[in-house]
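There are 2 protein chains.
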Amino acid sequence: MHLIAIGGSDAGISAALRARELDPTTDVTVVVADAYPNFSICGIPYYISGEVTHWRNLAHRTYADLEATGMNLRLDTLAKKIDVEARKLLVVSKDGTEEELAYNELIVGTGAVSVRPPITGLDQLGPDDGVHLLHSMDDTFALTKTLERDGIKRGVIVGAGYIGLEMAEGLTMRGLQVTQLEQLPEVLPTVDPELGAHVHAELERNGVTVATGTKVNAIEQTDPAAGSPLAVQATGPDGSDLTYPADVVLVVVGVRPDIELAAGAGAELGFKGAIAVDRRMRTNLPHVFAAGDCVTTHHQLLGTTYLPLGTTAHKQGRIAAENALGRDREYVGSLGTQVVKVFETVIARTGLRDHEAQAADFEPLTVASQADDHKAYYPGSHPIQMRYTADRRDGRLLGLQLLGHLGSEVAKRVDIAATAIHNVMTIDELSDLDLSYTPPLGSPWDAVQVGAQEWVRELQASPTTA
Amino acid sequence: MHLIAIGGSDAGISAALRARELDPTTDVTVVVADAYPNFSICGIPYYISGEVTHWRNLAHRTYADLEATGMNLRLDTLAKKIDVEARKLLVVSKDGTEEELAYNELIVGTGAVSVRPPITGLDQLGPDDGVHLLHSMDDTFALTKTLERDGIKRGVIVGAGYIGLEMAEGLTMRGLQVTQLEQLPEVLPTVDPELGAHVHAELERNGVTVATGTKVNAIEQTDPAAGSPLAVQATGPDGSDLTYPADVVLVVVGVRPDIELAAGAGAELGFKGAIAVDRRMRTNLPHVFAAGDCVTTHHQLLGTTYLPLGTTAHKQGRIAAENALGRDREYVGSLGTQVVKVFETVIARTGLRDHEAQAADFEPLTVASQADDHKAYYPGSHPIQMRYTADRRDGRLLGLQLLGHLGSEVAKRVDIAATAIHNVMTIDELSDLDLSYTPPLGSPWDAVQVGAQEWVRELQASPTTA
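In order, the protein sequences belong to chains A and B.
Just so it is clear: in the first sequence, position 228 is 228 by this note's numbering, and no numbers are missing.
Take any residue in the second sequence, note its place counting from 1, add 1000, and you have its number in this note's numbering.
Certain hints may be false.
Claimed, not checked - Computed far set for chain A versus chain B, every beta-carbon distance over 12 Å: (1) 128; (2) 135; (3) 141; (4) 285.
Stated by the list, open to error - Selected chain A positions facing chain B (Cβ under 10 Å, derived; list incomplete): (5) 72; (6) 75; (7) 375; (8) 413.
Unchecked claim - Which stretches of chain A does chain B cover? Using the computed rule of at least three CB atoms under 8 Å from a CB of chain B, they are: (9) 52-60; (10) 251-263; (11) 304-313; (12) 342-355; (13) 376-382; (14) 441-455.
The set of hints was computed from the structure by calculation and includes no laboratory data.
Ideal placement from N, C-alpha and C gives every residue a C-beta, glycine not left out.
Sequences and hints are given; from them, build the entire structure.
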């Protein structure tokens, strides 16, 4: 039995680890496009910031750790073509040598690539000019090379999603003056703007200039005498022309699935052009599985969607391997649970927001509330902002968004809700949960229960659909 | 409709609040034995330590807040006798005036009282001598009065449960030299000794002298010339006689239900002599409900037990009020979820430990494991110690004990397990949960999932019952 996993990131490595764990007689090869297997992409902002002192520390496991499991790693090797019929994978090494690898089962974990928005100049300018995308370790090295140059003072970040926000913090920590540009009306558009506004304020409190509703049109090189070598041209929310001088520009507006290899072999594509898979992570091609950021995601409340996340990739890779080895396990599905730290603020969400729930034919009510992270009499208490979404008809819990202070256990509080949604609980039933309490860390009714009770109260006050 | 709640702590006040919320036409009286309604007993150690700057801050709600809900508070009033037949409650005021209050429904929330262990001298010595129990606000004031005296340097704490440990921290923060004596072989006997040993080390790291396996026999007054006015006589684990000089002695070895009033009226008693109630919080007496630390506790995995906790009292009081007002809601049950902070260490548990699960006819396997609270490459990472208990036969999750660093989100991580147990999940299913991840706050597989996977691995390595 020879299993090949394509991709050295979360899905591919998880698959390889699981296969070796389940059956040590399985011959496992992982084809890795670069020299950095099992690196934590999510950790890149903390290497840029200087908090991670060496890039090697970003590896979840070292090369030696991975080899010790008995898997065979083919680094700097590009998977070029899948011959589905013959079960062969054509790979090409860095030196151009081509080779055909035979497999019994194949797991495609090609991941995602950075979206290149239609900004004039973005195709002409690159890392050497101080203009960067950021998704891979090679991108990371290119960016740190720019940042190590003399006179890098002003950074402009295009995009205010997870990576954009983390990079605003990272570049600020490195001493840059940071401007963050976001086309949408508020930063962190994956949560409600009421919470995004708190993040916006947190950025500004930490010296970041934030411009929302601002569409970037062009990145230009300027006269070196201008002070900064680059200028970002944008249109403000009132239609005005804006110019932001920059020594470094980072374009981080999201990712799209890397499906070229699989599509070339005839793989069916699905939501947002990702590789279509079933819940056993099977593509439509025999003996070809796929997992991670390159595939459609089964969501417990939405059905099929696209939601590239490391947590999901780890789970899917593991399940792909189990099924490839003849076991039977389904991917139970994502809830889109996410958390991000922005300076001293933590924002988390799980499940659906109001408009998402509406689009999925629920009858949602979303109620904002606030409760202390721990008893206010104990020092260091901070409020947690909550937005609960549940169905008006039966009270089914659909989603929770939380925002609080670093140290307020926001990340694991959202996980209580994720566990509750996973188990199809109603929001009223959250009050039955026996949650832990000590004054320095909680309240007799935990914040997440206070918010749930507020939702129930609000429904009783306005029981009919709006 | 006149509802009387007896007791100004969690159960009584929760009941009164819920009754007023559900039906503002309900006439609600709360009979409170002292002058401190709705005070947070759990917060006392933090007032003693000086972290809570004024004792009034310990009130969950002020007197004015409570009155604003429309409830009627009878402070410094002792409930003396229930006339079940006539539905009348005899109360006596501080000045000795007796009065009969008529009720339609009665909720007994008399709480618990400190256990007085059989220690020679404990009955003769009291607060004026520097010997204290600690359960009420009056106990608190007596203790602070002692601590404010000159020359209070050495404190001996008898007992190393939750309150004992918190008081060791509190007295240390106040500058006392603290000795903690525990009769059992390890501190914090509500968790496995492997975790208790970490707490033991944390106490010693912070200057507390800890003597386990040490039985206290007597508290004696000494010659003032001896340096300290008190001496605690004990027997060490090797049978040796030990003497601990003390300026203040705190005896905190647990509580027992305060059932006198209810028992006098004919209430049936149950587990550990607590008032027997059903899951609607009904006693055997018509129109008499009971809730909180004075009643037997329904446990989701054990059935009937006794587990006095503030979280439970809040829930039960609320449910008692709902049923008293003619609604129908059952108390779903406790899981014994608890957390305590001891200096920089946090210890939490939910569900059952191995021996408890065995006694309840499960076939438990308990597996110890360890995982980082967040990605080790991000600064400030600490390991979390885990002990997972699940049933060998079907993998049903039965319990989790966690120990970690303050800031490692241990309290809310145990709540993920509490939510999972509530929903009768298997330990293997924990790997399906979509939990939040960002490198500063977690890992792609959260620590609680890593521990669950370790349990599954361990079962496969030794599948048969030991």
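So, against the hints stated earlier in the document, which numbers end up violated here? Result: hints 5, 6 and 10 break, sorted rising.
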